[in-house]
Amino acid sequence: MMTISEISAKEDKLLRWAEADSFQTAVEKKVLVQTKYRKLLIRKFFISRRRNFIPGTPCTCIDLIVLEMLVEAHHITVLAFFRLKWQHQLARMLPGTSALFSSSDEEFFCCIISFTQSALLRAGLELPDAKATTAPQIVAQQPFVDTLSPICFFILPHQDSALRRPYPANFQQPWMARWDEILSLPVQNPPNLEFSSDDVVWSKVEGWRDNIDRLALIPFSRVDDFVRGESNHKECPTRFHVEARRRRTSQMSYKPKVDGILEYILYWCSFGPDDHRKGGIVRPSRTTYVAKNKSAGRPNTKRGCTCHFIVKRLIAEPSVALIIYNQDKHVDKNGLPCHGPQDKKAAGTRAMYAPYISDELRLRVLSLLHVGVSVETIMQRHNESVEKQGGPCNRDDLLTHRYVRRQERSIRRSTYELDEDDTVSIRIWVESHQSNVFFYQDFSDSDPLVLGIQTEWQLQQMIHFGSCRLLASHSSFGWNKLKYPIHSLVVFNSDNKAIPVAWIITPRFSSSDSYRWMRALCNRVHAKDPTWKLAGFIVDDPLADIVAIREVFQCSALICFWRVRHAWHKNLVKRCSQMEMCAEIAKGLGQAVNKICKGTGTANVFEAFMEDFVDAAEFMDYFKALWYPRLGIWTRALKALPLASQETCAAMEFYHNQLKLRLLNEKELSVYERADWLVNKLDTTVHSYFWLDEYSGKEDFARYWKNEWMSGPTAWRKSLSIPDAHIIMEGKCAKVVDDEDTVCRVLNPGSEYAICDCSWAKMGNLCEHVFKTIKFCRAMGTVTPSMSMYQYSQALINVLHCPPFDSLARDHAVSLALCVQMQLNAQIGPESIQVKGRTVDSSQIENGSTVKPQHTSSESMDLDDPTYPMTTEHDNHTGAEVGILGDEKAVEASSMIAVAPQFSSGNISASSGPFVDDGDLLADTGAETTKKLSSTDI
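With full-length UniProt numbering, the residue at position 379 of the sequence shown is 379, and numbering never jumps.
Be aware that one or more of the hints could be misleading.
[Stated by the list, open to error] DSSO-like mimics (lysine-lysine), calculated; alpha carbons at most 30 Å apart, straight line:
#1 Lys329 with Lys234
#2 Lys574 with Lys660
#3 Lys574 with Lys624
#4 Lys598 with Lys624
#5 Lys660 with Lys587
#6 Lys624 with Lys718
#7 Lys732 with Lys587
#8 Lys36 with Lys10
#9 Lys698 with Lys234
#10 Lys698 with Lys624
#11 Lys598 with Lys732
#12 Lys587 with Lys574
#13 Lys718 with Lys660
#14 Lys204 with Lys278
#15 Lys574 with Lys483
[To be verified] Label pairs and their calculated CB-CB ranges:
#16 Lys345 with Met822: 25 to 33 Å
#17 Leu543 with Gln34: 57 to 65 Å
#18 Glu206 with Ile62: 49 to 57 Å
Just so you know, these hints were derived from the structure itself, not from any lab. For each residue, glycine too, the CB sits at the ideal point set by N, CA and C.
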């Protein structure tokens, strides 16, 4: 057994040889070199035995078998070497002769081909004839030849022996040398959602029969994006259809060949390949076509276009697609334009445009039909828009009444119940909607059903609004009404409204299941955009798998308290008739939660709360029965994770009500017991409503809106339209006059747990009146900042109290801080960077009059661009005034974040709390403290 010193000496020797700092890297390089030498050694063995091969001897059978084994062994080593080259990214970027297959390699493969031919002839076998369609006959006296590989082993491995093409007589360049050059090309993945041939760098490689192929490598998952982008080309819009396809089934066994093909797809322009124009050529299999009398019929759609490309999925690298695009011009056999703007004969016909409508218009038509808009209304609005622009200018403007009627008939005749068995029905739906499913796990003895639904539009929204921004989780919707609850993932658009980007349906959410579907979702997004990255993940369930979230999405996590606050508020108003008592109880709940978030309290604070409000017996019984057992879980979650902002809570609550109205509106309650109904309703009707929310022309159909069309801004956004003059403070309450001239009374004004007497708030929701009072009071400096703002400031203070250990790290930290500040300034704007603090006399609040700001109106201040000073304006410390700006949603440096300006750590005294003034902690809610703090955060 080797000693530790001997092992260390061997490691040092290996590191010096590999010229690497990592032992793992050195081992990988050693494996690569060993694989290369193993390949060369097997090649030399084969050449040596080939030169000494003598046919007609008693050992001929054994020699043939040995040579066949050497060929197979060399093939396996070449495949292993290619995989290591891909792993280490050893791709040749310059044109020239292959370094892997040099002249000796070419000689080697030529030897293999010539040897196989001569060996078969001497062994009594016949070479396949060029026109033969049957397999070669085997002599009965030579049974050992069954183990020989076919002649086309290195030439056409993807074709069957009965269908193989004749071996070319003028074959000069070895087939494997071509594949070495192909697999050495880089895999291109443009960042666009759709990309065309103009976005790809094409390489020219010598191909079959001395032709030069124009090809490129892209991820196989992005082939559809390439087809859509090439179809939407501005110079010649068209549509590509699958003209031919061959694929290996999962049950088919195959050898791991370097040049093997898993799938072959031929895409052809829809204006070809047949030519139904006068004098055009039609393939013999299409001669049964009967010409129509209409001039806009078949001749305008089949015009002999030769534009096509081939997509191959390789066995050596199944995740990569090889695109061969030799005919990239939309011309006929004579080289003349046959359709599009460049074809003068196509003027005035539909051949000027694409043969089919765009995916966007198709999705719009289907969405309008799913929500109940009639066919006549859709066509009327469409024709009006075409007339307004002065006539048709693209294929979408030629939408016909027949097409819309056909789509409406298809929707009307469709059914969700594909089978009597619910499980079988879901399985059938998944097989027919593969593009809308990113994860599927069928029932088994140990695993439950897990179905992840995400349409193409949802994927685009996730990439657009989720990159460097927030992704939120809305869990367990309909757990008491549906067969399986719904877990939604939402992003926030430019108006900070929640858009669902994925739905997960499963009876239970375990850690292992969550990791699998989250990994599948992340891989799907990265296949479209490898640079996509989240800034933060918001959960609303304390039992969420935070470890899996951080591992998969590589981001920090926040927790949203909207679900608990909603349940408390709803039951408080329902079980307590006195509004003043409701306000006191809500205030006590808010103080208990704040203590836990600050780390100064535990679950025991709720015991004191229940003793103080024992008179509210009905609500206390509800609280003890339902929430008291869960307080420990929520306490641990609130201490471990930062709290999301109130605007995020408003957006999640608004999405919850939208989903409830749009999904749970069936008259027949028995459908809720079927999972196939739920899947079909989400994929059709519910998806259509959310798509129309983002559609810019939805106002044209305002007269057809129903309750399910509930849209508009969230309560937080509505509060921005209420002027400060409509706020009247009366002691411990405030009166708010909204846009409808309705006066609402708000108790606990300025608190996140305020009580409003409007109908929306009585349902447990956050209303615009509460948000307006919070914004107003914090602009006056009469209340402390929100809890999310507190945690944001605490994070900044912790950074200040941990100075870098050396000057180099400090310089790096300064440059990183400035970079982050510039990015935040670009999102928020320089005008929102700093607002001077104000102090308000409390006597102005008690006299019952309208309070107006002394300097800056809160109408011009965004709720999520808050500013409050870390110290008073007359700080005893040396230096300038220190201020920290922050957005409560910006706890984790997400896209919904405010700006943290430059500040010096020497201006703040060391303390464990976030708010410091002359060394005293300012986090407590005291009268003197509130005068020193001025903020407009929510």
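Evaluation of the provided hints:
Proximity of Lys329 to Lys234 is assessed by CA-CA distance (about 13 Å); at most 30 Å being required, the pair is judged to hold. In summary, the hint linking Lys574 to Lys660 is supported, as the alpha carbons are separated by about 20 Å, within the 30 Å threshold. Distance hint between Lys574 and Lys624 is fulfilled; the C-alpha atoms sit about 16 Å from each other, no more than 30 Å. Our distance criterion of 30 Å between C-alpha atoms is met by Lys598 and Lys624, whose separation comes to about 24 Å.
A distance of roughly 29 Å separates the Cα atoms of Lys660 and Lys587; the hinted pair therefore holds under the 30 Å criterion. For the given pair, Lys624 sits about 35 Å from Lys718 by alpha-carbon distance, which is inconsistent with the 30 Å threshold. Our distance criterion of 30 Å between C-alpha atoms is met by Lys732 and Lys587, whose separation comes to about 12 Å. In summary, the hint linking Lys36 to Lys10 is supported, as the alpha carbons are separated by about 22 Å, within the 30 Å threshold.
For the given pair, Lys698 sits about 27 Å from Lys234 by alpha-carbon distance, which is consistent with the 30 Å threshold. As the CA atoms of Lys698 and Lys624 are separated by approximately 47 Å, the hinted pair breaks the 30 Å bound. Taking the CA atoms of Lys598 and Lys732, the gap is near 25 Å; set against the 30 Å cutoff, the hint holds. Taking the CA atoms of Lys587 and Lys574, the gap is about 17 Å. The hint holds against a cut of 30 Å.
A C-alpha spacing of about 21 Å is found between Lys718 and Lys660, which places the hinted pair at or below 30 Å, so the restraint holds. A hinted pair counts as satisfied when its Cα atoms are at most 30 Å apart, and Lys204 with Lys278 does not qualify at roughly 36 Å. Restraint check for Lys574 and Lys483: the C-alpha separation of about 28 Å stays at or below 30 Å, so the hint holds. Between Lys345 and Met822 the Cβ separation comes to about 56 Å, which falls outside the hinted range of 25 to 33 Å.
Between Leu543 and Gln34 the Cβ separation comes to about 49 Å, which falls outside the hinted range of 57 to 65 Å. Checking the proposed 49 to 57 Å range against Glu206 and Ile62 shows it is violated: the Cβ atoms sit about 38 Å from each other.
Checked against the numbered hints listed earlier, the structure breaks hints 6, 10, 14, 16, 17 and 18; every other hint is satisfied.
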